[in-house]
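Fit chain D to the known structure of chain B by using the hints.
There are 2 protein chains.
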Amino acid sequence: MSVRENALSIFALGGINEIGKNMYVVEYGDDLVIIDCGGKFADESLLGVDLIIPDFTYLQENRNKIRGLVVTHGHEDHIGGIPYFLKKLNVPVYATRFTLGLIELKLKEHKILRESTLVQIDSNSELDFGEIKVNFFKTSHSIPDCLGIVFNTPEGKVVHTGDFKFDLTPVNDQHSDIHKMAEIGNEGVVMLISESTNAERPGFTPSEQEVGGHIEKAFMGAKGKIIISTFASNVNRVQQIVHAALKTNRRIALLGRSMVNVVAVARERGYLDIPDWMLIDTKEINNIPNERIVILCTGSQGEPLAALSRLSRNSYRDVKVYPGDTVIFAASPIPGNEKDVSKIVDNLFQLGAHVIYGSSTITGMHVSGHGYQEDLKLMLTLMKPKYFIPIHGEYRMLHLHRQLAEAVGVEKGNTFIIKNGDVVDIKNSEARQTRNIPSGDVYVDGLGDDEIGDIVLRDRKQLSEEGMLVIVITINKSDGKLVSPPDSISRGFVYAKNAEELINNVNQVVVSTIGNFKEANVHGMRKAVRKEVGKYLDQQTKKKPMILPIIIAI
Amino acid sequence: MSVRENALSIFALGGINEIGKNMYVVEYGDDLVIIDCGGKFADESLLGVDLIIPDFTYLQENRNKIRGLVVTHGHEDHIGGIPYFLKKLNVPVYATRFTLGLIELKLKEHKILRESTLVQIDSNSELDFGEIKVNFFKTSHSIPDCLGIVFNTPEGKVVHTGDFKFDLTPVNDQHSDIHKMAEIGNEGVVMLISESTNAERPGFTPSEQEVGGHIEKAFMGAKGKIIISTFASNVNRVQQIVHAALKTNRRIALLGRSMVNVVAVARERGYLDIPDWMLIDTKEINNIPNERIVILCTGSQGEPLAALSRLSRNSYRDVKVYPGDTVIFAASPIPGNEKDVSKIVDNLFQLGAHVIYGSSTITGMHVSGHGYQEDLKLMLTLMKPKYFIPIHGEYRMLHLHRQLAEAVGVEKGNTFIIKNGDVVDIKNSEARQTRNIPSGDVYVDGLGDDEIGDIVLRDRKQLSEEGMLVIVITINKSDGKLVSPPDSISRGFVYAKNAEELINNVNQVVVSTIGNFKEANVHGMRKAVRKEVGKYLDQQTKKKPMILPIIIAI
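Protein chains in written order, with the UniProt record's numbering: chain B, 1 to 554; chain D, 1 to 554.
Treat the hints as calculated values from the structure; they're not laboratory data.
There are no misleading hints in this set.
In this list, chains with the same sequence are indistinguishable; a pair is considered to hold if it fits within one copy or across any two.
In silico lysine-lysine, PhoX-like type, Cα no more than 20 Å apart, as pairs:
#: 1; residue 1: Lys461; residue 2: Lys544
#: 2; residue 1: Lys543; residue 2: Lys461
#: 3; residue 1: Lys542; residue 2: Lys111
#: 4; residue 1: Lys386; residue 2: Lys180
#: 5; residue 1: Lys343; residue 2: Lys419
#: 6; residue 1: Lys377; residue 2: Lys412
These figures come from a predicted structure and were not determined experimentally.
So that you can see chain B by itself, here it is in the shape it has in the complex:
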């Protein structure tokens, strides 16, 4: 049989050269295990695209091998693609109690919760997937209940770290299993797959507890209402906010759909302790003195539709920002979001609020959930892998992570900087990267399950930058002569008032172009009109609108 039969194969369907849509695969013989299935938010250049998910082609073609989808933790870039994936391939999903809670919210929204198979695991679980046996270790991150994964295969142990930092004083007992990691490393690891998000940052990641101290200090000094915004999924930070509210005798109102949903999941499942009496409805806010209130809300990244942005525009009926209120951004802006955040800060200052915002090195209101260089080196040191694949990062992060690996003893040449779709095969303990499988971005639009194609996006780009011109041409089907003067309609191209002369000239170009034909050659006319009008507009306006000649032969 072929070489593949007894090779161990490892690859990414997403997560390499990007932050987002993480999806990794470990495959041996007829057994295939998937790690995570994330989404990625589209930037503005992808017009009208709401979410990007991995290309599932390879998995659809190998559906009989799939043993399960194992999820490391509940962040969007690790679970956001799951509903779309399960609609195509209904495989069992393995995740911890909190992570499952967040996945269930998604599946409910997509109305596929009932038919999905969800299996609750914890760090002591052992899964038997044929030739691949799986066990786990706990990691610390900016969301509860995170796992690293060990794949025990005939070629040895493959370790996938998930997202992690080493937080020695975590909140809510979210400790890393450092001893277990050390043991795994001692047993021998053939391949480490480790995240690279903060490979550019020197030192160790600060502990989540440091944020708690700063929150408490700000709460102590605040006079009016406190409005504090953070990631809903950062339950441990929410817990620290609750503690600060307790100490300063304030009650808490939740604002924003994901804050309400995630807090409910976290409380139900025992990851967050908020006494019932502390929680108030937003309608009660005006019955309670300002200095007794904390509003805990979404929107720390400046998302225009989230609660904090709406508050800054005073668009809630029951909740207003008054002069003297304190607004705290308990999260740093992710690169790309600074402008949206700044706009909100401007609005809040205009409402007279005291705003705590900006670099976390000054405010202390944020620490990262991803390990810095020393955390990454500690993981590499604990695992002592023979081979290494840095994942979960853009190229420069992977590049720098390789340097870190070599600094702590991974042999030069044993680190594979791969692309999505590149396969690393391990056979007889030797790893090689020589082949790849299909991978790519799939665009998802709106609530629908529709995928958007490249052609649609290319058209949108042209339409958005240059606009369009529809030219209606009615010809006689017997001789191809014009029946009536052509009519041109432009959108997104030129001012109607300035355009009159231009459009008249376009119609002249059409008349003379059509006049060259001796018969009703609709296809040829369409091509000729597009070419001649395009040339004319380029000369006159330096613009290239989409030209749509519509030829009706009667």
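Structure of chain D alone, referenced to chain B:
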């Protein structure tokens, strides 16, 4: 006559609640002086817009009063609008020798240099504009030859700072006239108009010389070619790069149009000292050992068409990046540009280069040209103004600048936080803000002088996010019955392959909508088709493409 006759009026046509398109006006009776005329780069949400300039309506309506346009310095956000302005109002332009050089480049490009009136001034010039007498003081900034402006009016002195920092050890003798400023302050200033860019940052701005030290150190350690990118207009930083190249025995090649142009202007006019023998053509690069070469290029902000981006994609024939080359970003990314810069860093690492990038607090490769909080307080202290208008900043910066002013003695209530178009009138030494004049954003597209309207932009936005559907309907003009089945063409909306059924259904909706009409009511049919098809598509796809029914009655 009216109150205005002997009031001193001050307002902004751009530059407030934004960074960009700076334009300010000082007016007394029949004399009006303009300060700067900047452009602002459009962000991605303004589809296909290349530049934003101020609305000149008020100036066009008061053209007879205009005595001149005085320019503080040569940055884009202070001179970028000048060609568009002069095409509408050909008024004399007053600027220093270096600033004029940059303005001339622009006027040449727009082919209006010959008919423009350019007057060279320096910090000792005195201009007599009727009731307004103007003199100047030198400031330090990130471009040579900057001016602050004093307007001596019947109501007293109005001081406009231009952009500034206090650099006590500047490069190339670009000192601030601190003694002159002190003197002006002692004579009494009724109104200070001061820039606010760095009002959020505590402390003093570091000196430009600090960057020189870091550049020199990096040059000393570099093995292969050095590629260094900075703002072309930061001539003093370029001078420091030249010094470092001299010390390390390297010759310099210039790459990028604006680098070539600005260096030429700066050398011709005596602001930059590069011995002729040091400059090499890019074609000679391959004849000289790598370790003897510096490539000085544009593109430090990640601009996709600039030299550094092209180098990172290896798209020059004569200039390549080889493993072992050093690439230095000698400029911090402006907020919003981080992603483009990161992409270039990724590519450069892939080419094997050593890259010095990231926060200037770590690399030391950038200092700001705008004064921090202590610089701003020093200016306020020197000028001791009665009234104060913070300009050149977004709202939070203006807000914090007011706090700084109050901290150094400006009376509470005497700071005016205005909007573009708000007029501050001073009469009998009392300032009030009660009225405003027309102001706004004017969009400029491509090379043309065309302005783009809001409707065009709104159409582009819909086209870009939802796409469009053209429906061709041919009816009998006597009874309004369909002559042939309707035909629908979509662009940017749905996949052709997925769309067949949807489009068939749309055509059905059209058939039944048209069937309701008893006569050829083209206007009514168009409206009805748009409504019914819109409703159907919203139900089926949750999308709202632009629908263009084209009805041909034959």
